[in-house]
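Chains as they are written, first to last, in this note's numbering: chain A, 1 to 246; chain B, 1 to 637.
Derived by calculation from the structure, the hints in this document are not laboratory data.
Built from N, CA and C at the ideal position, the CB exists for glycine as well.
You may find that some hints are simply not true.
[Unchecked claim] Derived DEER-like restraints, expressed as beta-carbon distance ranges:
| id | chain 1 | residue 1 | chain 2 | residue 2 | range |
| --- | --- | --- | --- | --- | --- |
| 1 | A | Glu231 | B | Gln493 | 31 to 37 Å |
| 2 | B | Thr625 | A | Lys47 | 57 to 63 Å |
| 3 | B | Gly593 | A | Lys47 | 48 to 54 Å |
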Amino acid sequence: MNFTLKVWRQKDATSKGHFQTLEAKDVSPDLSLLELLDELNEELVLKGEEPVAFDNDCREGICGTCALVVNGQPHGRDYGSTTCQLHMRMFKDGETITIEPFRSAAFPIIKDCVIDRTALEHVIQAGGYVSVNAGAAPDAATIPVPKEDSDRAFAAAACIGCGACVAACPNASAMLFTSAKITHLASLPQGKVEAKRRVRAMVKAMDEEGFGNCTNIRACEAACPKHISAEYIARMNRAFLCASVS
Amino acid sequence: MTLDSKIPGGPIEEKWTRYQRDLKLVNPANKRKFDVIVVGTGLGGASAAATLAELGYNVKVFCIQDSPRRAHSIAAQGGINAAKNYKNDGDSVWRLFKDTVKGGDFRAREANVFRLAENSNAIIDLCVAQGVPFGRDYGGQLDNRSFGGAQVSRTFYARGQTGQQLLLGAYQAMSRQIAAGRVKMFPRREMKDLVLVDGRARGIVVRNLLTGALERYAADAVVLATGGYGNVYYLSTNARGSNVSAAWAAYKKGAAFANPCFTQIHPTCIPRHGDLQAKLTLMSESLRNDGRIWVPRQKGDKRPAAQIPEADRYYYLEEKYPSFGNLVPRDVASRNAKEVCDAGMGVGSTGLAVYLDFAEAIGRLGREGVSAKYGNLFEMYQKITGENPYETPMRIFPAIHYTMGGLWVDYDLMSTIPGCFVLGEANFSDHGANRLGASALMQGLSDGYFIIPYTLGGYFAGNKLGKVSTDDPAFAAAEKACAARTEALLKVQGHRTANDFHRELGNLLWENVGMARNKAGLEKALKRIPEIRAEFHADVKVSGTASDFNQNLEAAERVADYLEFAELLTRDALHREESCGGHFREESQTAEGEAKRDDDRFCYVGAWSYQGEGVQPELLKEPLTFENVPLATRSYK
Ligand SMILES: Cc1cc2nc3c(=O)[nH]c(=O)nc-3n(C[C@H](O)[C@H](O)[C@H](O)COP(=O)(O)OP(=O)(O)OC[C@H]3O[C@@H](n4cnc5c(N)ncnc54)[C@H](O)[C@@H]3O)c2cc1C
Ligand code: SF4
Ligand code: FES
């Protein structure tokens, strides 16, 4: 297969960026998109040019490191995939593919396609945990948890913290990410105790980090590689209201 | 140098309790006067950082990724073991202990393994309290499955994301301490050197990956939890950034490196598609519970699987090992796959794959039944290969997955450098020559939550440590050496990329120091590695500068370390003239082709001590004794 890649290049946070066009010839359909970028980077290095900077690590859709907008969509158009799970067979032969970083005011660009997602860390630090010290836990079997609750907790906990939801949202809202953590912990008896304090603190942190508000567009849900449901946002809003009045 | 494992006396079940009882303590008010550096935020590092901060120490934490939550532990799928015996199927701390010693083929320390088994239950308690969403049954109780050939159901799991959920638990606990100001987090930092003052580990030099600048950090102790070195083989199931560099830096500063040749191959990975492949993907071993493994009986039979009649299919595991069949241990399954492929019976475009066929299971359980058990794995397989495993058999091949070897540590988890502790996959671990499934997560968390908090306190209470600042000349010297190495690499401007050298090294190791090793192959590798290394330093091309965000340089420096480390790994494999666990020497096998240990000559931990560049490292031996689990041979026939 053959492709034309238009890749975002930007020297550093303050420089102006531009698209660079790279041609990829005789590409195996079994290659992943990131493997293709690896290969193009090898060629750039040998030509004495700077390779394209992009973040990645696990290459199997679980670490949340990779963060590219592919053909205008965070993580590309394949629903339920991260960037690293895109394979060339999903594209049309001869297609022009644009590749750029997640774009959001809350995620400054570091270089080329690498972004800074520290803002999401601060949201978790504000309260995305259960306050228990090592050594202080009762036997795990003490409190049964209805399967339904534990399944919901798991589904919400599946968020990999990639930030695609923020990048997809016209308001740069981090509601999906935040509500996923809140739902995860509030669904379990161990996490319920601090639920009110948690939702207040995390929502506050979200606002302070400059993430926008939710206007129910649901672009986050469509971009999320882990099927995190926008229904959690409604849950979070309810919990927040409850916590604010009480 | 001699190795003192510092194993406490007394009966095995009392050792750890007695040790804790006799430990000197640090006064709570004094704890905040101690600075601790933790490198790595996987299960080992994150759990240690959180717990040490809870105790009141000042903790500085470093990791390569942009967020500590992305450490490679995130990728573990299967589960974590604990001896809870919630299933009432006869499990106990003793049984988990024995299984682990035997599974490790008698090359681990009994006392450490027992402590690990003891801690296993407290880990589950803590993780549940943190909100880790383990799988539960309809009664709301924690569910378990049996994993990796264990006869009891002791594996706790969170669907196929156990590592992610456990890591998030530890990450969240650490985030709480960051908010409390007791942990200071330094992401996008790569440790480049360990700094010793008066013979003790007192700090590190790191590269700030955002700016390229070298930075110095001083502390009273350094805890390394930097993961395994599987990527020395180039292709492995490890994340791209996993590396040996931090451990290697410690080795060169005097920390002995134990059993580097103990590497584990996982039998059920998705085969490589070609030379440009960047990494291999593991599929849970549980697939072998229902899938049947076969290859065409006829060499070079290129017919599609569906057109090969039963009579022409070779179910080699079922035929050779009638009682265990497709469920033989990882190493046996892996070696047999390589054997049939080497004999020309492999399938797929590269001939380096065998079939894992679910047709029979689909007949028995129905498509829905199979989907309920393995749906997510089937989906993952289809995403990567474009093939539908409900219709055509999966293709699988073994890949490097885990490394049992690592920095030698004593019972305190301290390396041979005083004040340098090593946790998780980075230490030589409690798994001996072979790790059982679901035991790495257990070990990382045991080290971090329940061992280091005690033993580090003992170190602080028992030693008078003066204050050290980053102005100490030792820091300047380490920093200068790091800068010089980088400069030298950037200056070469040769014709080949670092990645290209890495691939060559990986192929060489896979062929000669992989699943089955022999003297001739090992000697060949031992000769070739220094040549590749010399070519690398003469002909590598690294782009950009040292004072920038430069991923190409990061990767090249890791490859430079692999090129040195690979030699030690090979040397260790050559010296160990026995087969044990993941280390299979063709010269040492039974008439049936099974691994044959040589307890008379090799019942020890082999730890290598650095003697300087170009000088042969010294081999230190820690003899192993087995008082509670009698030395026995495994048999899967
Ligand atoms: C695909 C896969 C599946 C697995 N499944 C299971 C399973 O089901 N059950 C099980 O028990 N085990 C499993 N394992 C093994 C297990 O996941 C690992 O052994 C374990 O998670 C390692 O944890 P760790 O804390 O030692 O290191 P890691 O999680 O590898 O973390 C290493 C940390 O060190 C940091 N680091 C490394 N080098 C440097 C440096 N130079 N400077 C600064 N920071 C550095 C990294 O940034 C990272 O934060 C699996 C492994 C793989 C590859
Ligand atoms: S909610 Fe989905 S898109 Fe947002 S960070 Fe989590 S996994 Fe990524
Ligand atoms: S690289 Fe880990 S999710 Fe893509």
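The hints, checked one at a time:
In this structure, Glu231(A) and Gln493(B) break the distance hint of 31 to 37 Å, their C-beta atoms being roughly 56 Å apart. Separated by about 59 Å at the C-beta atoms, Thr625(B) and Lys47(A) satisfy the suggested range of 57 to 63 Å. Restraint check, Gly593(B) to Lys47(A): a C-beta distance of roughly 50 Å satisfies the suggested window 48 to 54 Å.
In the structure shown, a violation is registered for the earlier hint numbered 1 alone.
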